[in-house]
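For this one, chain A is given, so just place chain B on it according to the hints.
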Amino acid sequence: MDNPNDIENIKKYLSEKLETVSSVDDISKIRNEFLGKKGFIGKMLSDMRNISSDQRKDYGAKLNLLKIEVENMIDEYSGKFENDKDSIYTELYKSLPGRKPEIGHINIITQAISEITKVFAPLGFNRVRYPEIDREYYVFEALNMPETHPARDEWETFFVDSPNDEKLGRLVITPHTSSGQVREMLKGELPIRMLNISRCGRRQIDVSHVPSFYQFEGLVIDENISTTHLIGVLDYFAKNFFGADRETRLRPYHFRFTEPSFEVDINCGICHGKGCKLCKGGWLELGGAGMVHPNVLKAGGVDTEKYSGFAFGWGVERTYMMKSGTKIDDIRNLFSNDLRFLEQF
Amino acid sequence: MNISIPYSWIKDYIKTDAKAEDIARILSLHSFSVDKIIKAGGDEIFEIEVTPNRGDALSVLGIARELKVLLPRQGFKCEWLKKEYEEPKNLDVQDNIEVVIKDKTLVPRFSAVIMDNVKFVESPKLIRERLENVGIRPLGNVIDVTNYMMIDKGQPMHVFDYEKILGSKMIVRESTEGEVISTLDGIDRKLPSGVIVIEDEDGRLIDLCGIMGAKNSEVDENTKKILLFVQVYDPVKIRKASMSLGHRTDAALRFEKGIDYEGVIPALWESVEMISKLSGAKLSSGLIDIVNYERDPKEIHIDFQKINKLAGIEIENQKVSSILSDLGFEKVGDGNVMVPSWRYEDINIIEDLAEEVIRIYGYYNLPAKLPSGEIPVREIDKTFYWEKVVRYFLKYVGFFECYTYSATDKENVDENALNLSNPLNEDMTHLKTSLLPQLLDVVNKNQGYSEKIKIFEIGSVYLLSGLNSEDKIPDQPLRLGIVTKGIDYNELKGILKGMFDTLGIKYGLEESLGIKYEIKEYGGERLGVEFNFDDLVQKATKVRAYKPLTSFNSIKEDLTFEIPQGVLYPQIEKIILETDKRIFKLEFKDIYKNYLTFSIEYLDDEKQISSEDTQEIRKKIFKNLEKLGVKLKI
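Those sequence lines, one after another, are chains A and B.
Take the first sequence: its letters are residues 25 to 369, numbered as in our numbering.
Take the second sequence: its letters are residues 5 to 638, numbered as in our numbering.
Note that these hints are calculated values from the structure, not bench results.
Predicted model only: the values in this text are computed from it and were never measured.
Warning: the hint list may mix true and false statements.
Each computed EDC-like pair below joins lysine to aspartate or glutamate, with the alpha-carbon atoms no more than 16 Å apart [stated by the list, open to error]:
no., chain 1, residue 1, chain 2, residue 2
1, B, K244, A, E247
2, B, K310, A, E247
3, A, K91, B, E616
4, A, K91, B, E525
Covered by chain B, according to a simulated footprint, are these stretches of chain A (three or more residues, beta-carbon under 8 Å) [to be verified]:
no., stretch
5, 140-150
6, 165-178
7, 208-216
8, 221-235
9, 239-250
10, 259-273
11, 336-345
Heads up, the beta-carbon is just placed ideally off N, CA and C, and yes, glycines get one too.
Same shape as in the complex, but just chain A (with noise of 0.2 Å):
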């Protein structure tokens, strides 16, 4: 065989045989007889040197793709004719459940600051978030919270073991988002529509209560902000988020850092505000917002004159769990990472 025409010959009569094989065997067979050391392949190889030293290179190379091309054309065929074996287990093996890959768990907490997001992305809220450990002025005086305000005691707060800062006052790990208004009002960027999500901390633990947690905060600044926004937009977030069949209502609320201060309800999802076992007669309670006060905006350099806004900041989990129906009847388990837990979601 020093004839390089034979090369396809040698393709053509491969798939004849392999049209006759009945066994693995044959397989093996057919493979030694054409791949083997002294198979045809081989053979051709070694008569190599019988050709003029101009040819030899490109013949070579012509072999070795013969050589692949067997190569699949065997493992193919003998690929297929093991599939197509009629074994007595078949039946069986179809039956199993399959092999599942090994899939983890994105956890919930991640899951409800995604679908936040989501909902309030083609409004144009731009996502930020502000340190998580920040000093008292952020925390309280520029959000009209002057230093003997009672208005401080309605958060558990953590203070670090750290000196007192003249102006900034104590570091405290911040106990709401709302610590991030003036800190976005200052970067000197208007109008604003900002979308803060970030980590607090409060002192207190038990079934309903986490000492780390997540809020999401939004402010929206421009000018000719008013009250009817703030519903539009809470009303977006509401049939986004929860369904279209959704509605909001405020109540009449006080924070120092709104005015006026709104709180927040959701129609009922079980009762559609009957009133039911799950609810204050027909309304869930959401969370607070409220238009900016007019100090908050001052202590962020925003001109009052020109500018307004509204401002809300509510509880990642407890939004997410109304929003699922997942009622975890301890919200600890959401900290406690017990894989039993973490898999459910």
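Okay, now just chain B, sitting in the frame of chain A:
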């Protein structure tokens, strides 16, 4: 602060056809949330959550005042049954008390009267029932009157047995640290400094002002003369004292929210009338009324436009004016209104007035509108995107995402840690400096879950460094922490390579390209590795360099080498890759003892590579590796 107000009591002030349910609904939507209505003995008791700014509403009077504004606007009848008080005339002045106030700021207003011929007996049924319905134990007529008036008017009061005030002298002063007072509840309270107290001529402490009276001057069956005491104290002082003593009485909670300055005298005369009626007592002194502080009248200009701008709709001027006037804001000319005495502390700016107007008008009457202004363009923080990429990558290679607390115990942190001055418990005293210790705790806690455990967390750590920065706050870098149990060192390394590939982070031969990291071994098949997330973000990219595909085929082969001690993989890798540019791919395939198998793929971009070519390259590889003493395994 939650208060209980019986409906029957409200009816002392207003006559209305509204049912209790109507009242609850209307109050909730316009004023304060009514948590529930409790039915007790034929009465309906509202549980009302009064917002902290509304000290004026912690009383029957305060709630009735709100209803007077609201009910007619909701189509209900509401008639104000105005209670008049009469200032007694022709006083028979026999008794007096000497008052010394050390610091006038402690007591902006000090008022008292003395009454003689007291008969200390049980109060009538109506009073006892009402007190019980709001959670106060009846103790006898004159004491009951003070409690009754606190609920009725929001003005806390106190009665002393006049004869137990030695020397008929009261010295109002601040406490010095360590002084002890025995309060009415029989507890000896050691005082910090700065608490407002009263001592008599003998230097005995007879009152823990604004919080609770003292045992040594209490009214009992033998009491003949009483001193009725109605005050306004410095709210901050009361709050501090009550907080530091851990004694939060109904009186303190009201004092610290501020008392209606002009409600003091009416409340006092009404109490005098009630005490006379219930105990037969008679006034035996004139009115002692020391005003230490005159408040300036507070006026605010009604900016109708501003109110409408905040509301987002047009509320007619006339409607605005009528709401304000019904709430007690009197017009005083120049388009100004005067803030009523009971709202003095709370109302300061036009926004405060706007809130009053809009809440009475009804928030539910405002339409929902989306802001129409331009959408701000900001540089997007890429971190959020890459966090998502990492989370999903790790999820799909079998990792569970954890969230651990920000604070942990001392054992879990390094010397860069900050500690809390008021930790919740001993397990959470320090702020975390690494994610790994708590993740290891998670692994240990979940031992029984599975032989293989793979977990991660993305979260901040808090470092002492940074406190001297301009911001004076700790450095708070975002970290990625990964901890595994029961998987091989090399498997974890492979996972990390997969993560780098997904992030588009190159990790070639040049150290500077990749991310430096250290896999720590903790024993018990536990491994951990931590990244500064910012490092990953800096090097991550969505951009993929495209290499044109060639029409030539590659040739692949596996080579196994015997590696002498001291030679490491990167050295071998480098030598092989630098041997010839036709080495297209070089991958670690397997290792057994020191026999290391590579998969090598040869490809020539310009022409079809031949076995001679690969043989030639292979020879060069062997030659180059000889320098390291690495030989082909035969």
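Going down the list of hints, with the structure as the test:
The hinted pair formed by K244/B and E247/A fails the criterion: a straight-line CA distance of about 41 Å is larger than 16 Å. Our distance criterion of 16 Å between C-alpha atoms is met by K310/B and E247/A, whose separation comes to about 13 Å. Pair hint K91/A plus E616/B holds up; C-alpha atoms about 14 Å apart against a cutoff of 16 Å. Taking the CA atoms of K91/A and E525/B, the gap is near 47 Å; set against the 16 Å cutoff, the hint is violated.
Counting residues of the stretch 140-150 of chain A whose CB lies closer than 8 Å to any CB of chain B gives 4, so the stated coverage by that chain holds, three being the minimum. Closer than 8 Å: that is the beta-carbon criterion, and the stretch 165-178 of chain A has 5 residues meeting it against chain B, so the requirement of 3 holds. A stretch counts as covered by a chain when three or more of its residues have a beta carbon under 8 Å from one of that chain; for the stretch 208-216 of chain A and chain B the count is 4, and the coverage holds. For the stretch 221-235 of chain A, the stated coverage by chain B is satisfied: 7 residues place a CB nearer than 8 Å to a CB of that chain, which reaches the threshold of 3.
Remark: the stretch 239-250 of chain A is confirmed as covered by chain B, as 6 of its residues place a Cβ nearer than 8 Å to a Cβ of that chain, reaching the required three. A count of 3 residues in the stretch 259-273 of chain A with a Cβ less than 8 Å from any Cβ of chain B is obtained; the coverage claim is therefore met, three being the minimum. Counting residues of the stretch 336-345 of chain A whose CB lies closer than 8 Å to any CB of chain B gives 0, which falls below the minimum of 3, so the coverage claim is violated.
The structure fails hints 1, 4 and 11 (numbered hints given earlier, in ascending order).
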